[in-house]
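Could you fit the two chains together into a complex? Lean on the hints.
Which chain is which? The protein sequence lines are A and B, in order. For the record, in the first sequence the residue sitting at position 53 is 53 according to the working numbering, with numbers rising by one throughout. For the record, in the second sequence the residue sitting at position 92 is 207 according to the working numbering, with numbers rising by one throughout.
Source of the hints: derived by calculation from the structure; they are not laboratory data. Here the structure is a predicted model, which means the values were calculated and not measured. Errors might be hidden in some of the hints.
Partial selection, computed: residues in chain A whose CB lies under 8 angstroms from chain B [unchecked claim]:
{"#": "1", "residue": "Gly16"}
{"#": "2", "residue": "Pro40"}
{"#": "3", "residue": "Gly43"}
{"#": "4", "residue": "Pro44"}
{"#": "5", "residue": "Phe46"}
{"#": "6", "residue": "Ser49"}
{"#": "7", "residue": "Ile53"}
{"#": "8", "residue": "Gly60"}
{"#": "9", "residue": "Phe62"}
{"#": "10", "residue": "Phe89"}
{"#": "11", "residue": "Asn102"}
{"#": "12", "residue": "Leu103"}
{"#": "13", "residue": "Lys107"}
One side of the interface only, derived from the structure: several residues of chain B facing chain A at Cβ under 10 angstroms [what the hints assert, rightly or not]:
{"#": "14", "residue": "Tyr150"}
{"#": "15", "residue": "Phe157"}
{"#": "16", "residue": "Phe179"}
{"#": "17", "residue": "Lys182"}
{"#": "18", "residue": "Phe205"}
{"#": "19", "residue": "Ala207"}
Label pairs and their computed distance ranges (CB to CB) [to be verified]:
{"#": "20", "chain 1": "A", "residue 1": "Pro115", "chain 2": "B", "residue 2": "Gly211", "range": "23 to 31 angstroms"}
{"#": "21", "chain 1": "A", "residue 1": "Lys68", "chain 2": "B", "residue 2": "Ala187", "range": "34 to 42 angstroms"}
{"#": "22", "chain 1": "A", "residue 1": "Ser8", "chain 2": "B", "residue 2": "Asp185", "range": "40 to 48 angstroms"}
{"#": "23", "chain 1": "B", "residue 1": "Thr122", "chain 2": "A", "residue 2": "Leu11", "range": "32 to 40 angstroms"}
{"#": "24", "chain 1": "A", "residue 1": "Arg61", "chain 2": "B", "residue 2": "Leu198", "range": "41 to 49 angstroms"}
{"#": "25", "chain 1": "B", "residue 1": "Gln210", "chain 2": "A", "residue 2": "Thr26", "range": "41 to 49 angstroms"}
{"#": "26", "chain 1": "A", "residue 1": "Ala70", "chain 2": "B", "residue 2": "His188", "range": "40 to 48 angstroms"}
{"#": "27", "chain 1": "A", "residue 1": "Lys54", "chain 2": "B", "residue 2": "Val127", "range": "42 to 50 angstroms"}
{"#": "28", "chain 1": "A", "residue 1": "Gln3", "chain 2": "B", "residue 2": "Ser135", "range": "15 to 23 angstroms"}
{"#": "29", "chain 1": "B", "residue 1": "Ala118", "chain 2": "A", "residue 2": "Ala70", "range": "32 to 40 angstroms"}
{"#": "30", "chain 1": "B", "residue 1": "Ala187", "chain 2": "A", "residue 2": "Thr45", "range": "39 to 47 angstroms"}
Beta carbons are placed, not taken as given, at the ideal position from N, Cα and C, and that holds for glycine.
Each chain, letter by letter, is given below.
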Amino acid sequence: DQQVKQNSPSLSVQEGRISILNCDYTNSMFDYFLWYKKYPAEGPTFLISISSIKDKNEDGRFTVFLNKSAKHLSLHIVPSQPGDSAVYFCAARGNYGGSQGNLIFGKGTKLSVKP
Amino acid sequence: DTAVSQTPKYLVTQMGNDKSIKCEQNLGHDTMYWYKQDSKKFLKIMFSYNNKELIINETVPNRFSPKSPDKAHLNLHINSLELGDSAVYFCASNQGGENSPLHFGNGTRLTVT
Numbered sequence: 001d002q003q004v005k006q007n008s009p010s011l012s013v014q015e016g017r018i019s020i021l022n023c024d025y026t027n028s029m030f031d032y033f034l035w036y037k038k039y040p041a042e043g044p045t046f047l048i049s050i051s052s053i054k055d056k057n058e059d060g061r062f063t064v065f066l067n068k069s070a071k072h073l074s075l076h077i078v079p080s081q082p083g084d085s086a087v088y089f090c091a092a093r094g095n096y097g098g099s100q101g102n103l104i105f106g107k108g109t110k111l112s113v114k115p
Numbered sequence: 116d117t118a119v120s121q122t123p124k125y126l127v128t129q130m131g132n133d134k135s136i137k138c139e140q141n142l143g144h145d146t147m148y149w150y151k152q153d154s155k156k157f158l159k160i161m162f163s164y165n166n167k168e169l170i171i172n173e174t175v176p177n178r179f180s181p182k183s184p185d186k187a188h189l190n191l192h193i194n195s196l197e198l199g200d201s202a203v204y205f206c207a208s209n210q211g212g213e214n215s216p217l218h219f220g221n222g223t224r225l226t227v228t
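Next up, chain B with everything else stripped away, as it sits in the complex (with noise of 0.2 angstroms):
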């Protein structure tokens, strides 16, 4: 009964490669995010989707594609992965509505040799 479930939870990967990273709530909330929490430690957010339509992209590379099949999923697609890359990407969402705070995924951890 998570709300927020991402999967897989662990990804390791090659230089080049293109990987996923599945997310799928069932808070019925209309808004989902991708955050990405790097090697220092800060949180910041690549992307938000509400009802498909894509209304925040904080300047990520456009090799980071969200790909939402419908409002329950926000998925996130990384093509030619970049040691860079390496980080933990967390999936949350929320309600539309003043204030509503995010629920958060528990993450997951790409590491990219």
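Looking at chain A on its own, in the form it has when it is part of the complex (with noise of 0.2 angstroms):
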């Protein structure tokens, strides 16, 4: 029973051009969404996070878009860089009081930009 799904394992971009990677939840007493950029052999590091009293946040060349009436929200990277290649994970967290830390990750979409 997958709270957070991103159902596509693997992305590949070109250069310059955008990259949206996708994440469906099901929960929805999830309050606060968060995007992870992982490469290998590292731990993830935060990207970009979203309250969900909000339905954009955007940071330079990322951008999130909640669309809570959905459970789904989207990480636009433009214009994308080979550097960004990496696998990204989609987290949520619930409102039930928990430690601020306790979130829920999708599986993760690997990402490649290719020069």
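Quick look at the structure:
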């Protein structure tokens, strides 16, 4: 019973183009969503987040969109760069009073940006 | 100057052994965590510690025990290792307060033979 789903295990994009990574969730109690980026043999690194009271958050080349009615969020990377090649994890946190660090992660999407 | 460091990076051991993984953070964070990434690549929380107090335990076997000698360290002890314990274990930390993101270590790949 995956509560956070990333249905695309991989995505290949040309350098300079837009990368769109998708994430779906099932638990309407989630109130905060995050994207992490992971290189091989390293730990996940925080990228960007969004609260459930917003529908968009932007940080440089990275924008996260949240559609609460569809229980869907997406990460847009524009323009994509070869250094963006990594595994991207979507994560969600419930508002049930648990620890701030109790996150539910998706399985990740491996992004490859080709020069 | 690594923010969250864990040792060892690789750990190969036999079934039935007892092993420990160490974690240290120099970020001054007040909460530390252990996550497990299994063979299906899911990252799942195991424990968190805040001010030496366990505040989450996601029904992991009691063979796993976190030990925190101080706020900057959270070690993971595993007794009677089983084949199914093979995974990558990540330590993480964050600062208390609203929406503080987790900072992860680079992981320890545990292989039980």
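Results for each hint:
Because the closest C-beta pair between Gly16(A) and chain B is about 28 angstroms apart, greater than 8 angstroms, the hint is violated. Hint on Pro40(A) is violated. Least Cβ distance to chain B is approximately 10 angstroms, over the 8 angstroms limit. For the restraint placing Gly43(A) at the interface with chain B, the shortest Cβ-Cβ distance is roughly 3 angstroms, inside the 8 angstroms limit, so the hint holds. Taking 8 angstroms as the C-beta cut-off, the interface hint given for Pro44(A) holds, the closest approach to chain B being about 5 angstroms.
Of the supplied interface hints, the one on Phe46(A) holds, with its beta-carbon coming within about 4 angstroms of a beta-carbon of chain B, less than 8 angstroms. Hint status for Ser49(A) relative to chain B: holds, with the closest Cβ pair at about 7 angstroms, below 8 angstroms. With its C-beta approaching chain B no nearer than about 12 angstroms, Ile53(A) sits outside the 8 angstroms limit, and its interface hint is violated. At about 16 angstroms, the closest approach between the beta carbon of Gly60(A) and any beta carbon in chain B exceeds 8 angstroms, and the interface hint on this residue is violated.
Annotation: interface hint on Phe62(A) violated; nearest CB of chain B at approximately 14 angstroms, more than 8 angstroms. This hint holds: Phe89(A) has a C-beta 7 angstroms from the nearest C-beta of chain B, less than the 8 angstroms allowed. Of the supplied interface hints, the one on Asn102(A) holds, with its beta-carbon coming within about 5 angstroms of a beta-carbon of chain B, less than 8 angstroms. Given hint, Leu103(A) at the interface with chain B, holds; its Cβ is 7 angstroms from that chain's nearest Cβ, closer than 8 angstroms.
A hinted interface residue such as Lys107(A) counts as satisfied when its beta carbon comes closer than 8 angstroms to some beta carbon of chain B; here the least separation is about 5 angstroms, so the hint holds. Using the Cβ-Cβ criterion of 10 angstroms, the hint placing Tyr150(B) at the interface with chain A is satisfied: the shortest such distance is roughly 8 angstroms. At a threshold of 10 angstroms, the smallest CB-CB gap from Phe157(B) to chain A is about 6 angstroms, leaving the interface hint in force. A least Cβ separation of about 17 angstroms between Phe179(B) and chain A goes past the 10 angstroms threshold, and the interface hint is therefore violated.
For Lys182(B), the interface hint is violated, since its Cβ never comes within 10 angstroms of a Cβ in chain A; the closest pair sits about 18 angstroms apart. Nearest Cβ of chain A to the Cβ of Phe205(B): about 5 angstroms, under the 10 angstroms cut. The hint holds. The criterion of a C-beta within 10 angstroms of any C-beta in chain A is met by Ala207(B), whose closest approach is roughly 7 angstroms, and the hint holds. Checked against the hint of 23 to 31 angstroms, the C-beta distance between Pro115(A) and Gly211(B) comes to roughly 42 angstroms, which is inconsistent with it.
At roughly 38 angstroms, the beta carbons of Lys68(A) and Ala187(B) sit within the given window of 34 to 42 angstroms. Distance hint for Ser8(A) and Asp185(B): a CB-CB separation of about 42 angstroms, consistent with the stated range 40 to 48 angstroms. For the hinted restraint 32 to 40 angstroms between Thr122(B) and Leu11(A), the CB-CB distance of approximately 34 angstroms keeps it satisfied. Between Arg61(A) and Leu198(B) the Cβ separation comes to about 43 angstroms, which falls inside the hinted range of 41 to 49 angstroms.
Take Gln210(B) and Thr26(A): their Cβ atoms lie about 29 angstroms apart, and the range 41 to 49 angstroms is violated. At about 42 angstroms, the beta-carbon gap between Ala70(A) and His188(B) stays in the expected band of 40 to 48 angstroms. Between Lys54(A) and Val127(B) the CB atoms are about 45 angstroms apart, so this pair conforms to the stated range of 42 to 50 angstroms. Distance hint for Gln3(A) and Ser135(B): a CB-CB separation of about 31 angstroms, inconsistent with the stated range 15 to 23 angstroms.
Remark: the range hint 32 to 40 angstroms for Ala118(B) to Ala70(A) is upheld by a beta-carbon distance near 36 angstroms. A beta carbon spacing of about 20 angstroms between Ala187(B) and Thr45(A) contradicts the range 39 to 47 angstroms that was offered as a hint.
Hint compliance for this structure: hints 1, 2, 7, 8, 9, 16, 17, 20, 25, 28, 30 are broken, all remaining hints hold.
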